[in-house]
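The whole structure should be built from the sequences, with the hints applied where relevant.
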Amino acid sequence: MPYRLSKYDSLLEVIPEELRTPEQVAQWRGGHQTPTYKLRRDPRNFCEVERYEEMTAIWMENETLVQVTQGVRFPHFDKFQNVENSLRLVVALFNPTRNIVIEISGKADDAVADTAMYWWSLHCPENCDPCLRIDNQCDKFDFGTIKIKHLATLFARNPTRRLRINGVKLNSDQLSFLATRDHPIDLTFEYSNVLEDEGDAFVRSLQIRELPFGSLHFLGTAFPISDDNVERLVQLPIFDKLTLPEWDDDREFLPFSAPVRALEYRIHTSKVQAANIQAINVVPEDLTVKIWIDDWDDGEEEATLSLLSRLAGSGQLHHLGVKFEGGGIDFVEPNHSKSISEELIKTVLANKELVSLDIDVSFIFQQVHLTEFLESLDDHKALHTVTIEVHEEDVDFSDSSWLKILLSRNRRIEIYGDWMLSVMNWDDLHKVHSFNRFYTGCKSLKESTRSFRTKMLVTALEECACQDFKRTAFLLTSSPTRCAN
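In the numbering used here, the protein residues as written are 187 to 671.
Wrong hints could be hidden among the right ones.
[Claimed, not checked] Taking CB as the label site, the calculated pair distances span:
1. Q464 to L405: 23 to 33 Å
2. V380 to D436: 20 to 30 Å
3. R437 to R597: 40 to 50 Å
4. R227 to K590: 54 to 64 Å
5. K590 to R226: 55 to 65 Å
6. S584 to S495: 29 to 39 Å
7. H504 to R226: 49 to 59 Å
8. L405 to K590: 36 to 46 Å
9. L205 to A408: 42 to 52 Å
Think of the hints as simulated: they come from the structure by calculation, not from any bench.
By construction, the Cβ of each residue, glycine as well, lies at the ideal position given by its N, Cα and C atoms.
Below, the structure written as structure tokens:
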């Protein structure tokens, strides 16, 4: 329940309606009418703001209007309709519990920048794992007004904050600041960003950086930096993870050799030659490849199979993600599905240290391919988690027995996917996974010391197997008799 404001509220004070100026009246989408408040004091943290109504308007002393919206699931905003000549900057705080969007309007760029700094500098408890998104929705606002003093407060009280930037023109000073933080950050350039000099200052600052940077992500369909800067960037040994869009350049395979732990990268199969793919040097142990397909009959199937074959040759992957995209996946033929299924199986089995697998084969896998693929995982000793997405019309939902059989064949592996809830309800799926974890835990007891086994057996009997005959029986029969005693 939202907090109901009283006249004794310590944070906000309502501005009487008859005293409000036009600039102080919030223009909400849908024509909603709300009071406008002013601050009695500075908020201690963002949690104080969360307790108010889902739509709250606050007039700041520097004559900017702040409109706070809570519970926004996705950062999609309609065109803002405020008073004429207003400026707009959006600051969105996303966390697992409650999402907050702060829309700032005003007539002076400097005032909008100061208000943005005021709000994004507020402390967020670390258990919220906050992600801050800066979105410049209005071309009238000059983002160059955001100075280093404003940006410095982004991380001052929230050093672990993840930062996402969308629709922003960043100058060299701002980019150098982001590249030279003295602690690891998680930075995402979303869509329609413009980096001054195609990112020269950003990459130069990264090149002289000695400390780990953290993670860097470029979304969208193209880089906001030059091709030469992309080449320099992917060779730097400072990143934990890189997320990269398609690179339309003859150096397109270079990101695979980036000295990073994790890489997410899109390949457009119509723009690569299958013969060149085998020369790829795969360095990351955590790899997600998005494969874009336009036309199966234009050499793209060969390029796809060649890429999967090269990933099989890596043999070092701990996590593998394969996601098929593009218009071509809607026109897949049975022979294409069969070839991809067979090559994916080879890829997974060849990477013997693979722990987790995440593949999206919607429209490509039918029931027979899904079953064959999951059955092939029986002999994989390291694989633990499999997330697989298929098109629901391609899976038989009339009988869940085949899925239960698969889940019982290899109890080490947990299988996930949205389609599974159409085959088996969540409670049944949870029970199967829970028992499988219990099963593998019991098996691992045989490899532990006797004293540890005895302690764990007692704990398991008291906490996990209590009032569960199946688990109790399995625990006692699968463990040495002297330990059970």
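- [ ] Sort out which numbered hints this structure fails and list those numbers smallest first.
- [x] none
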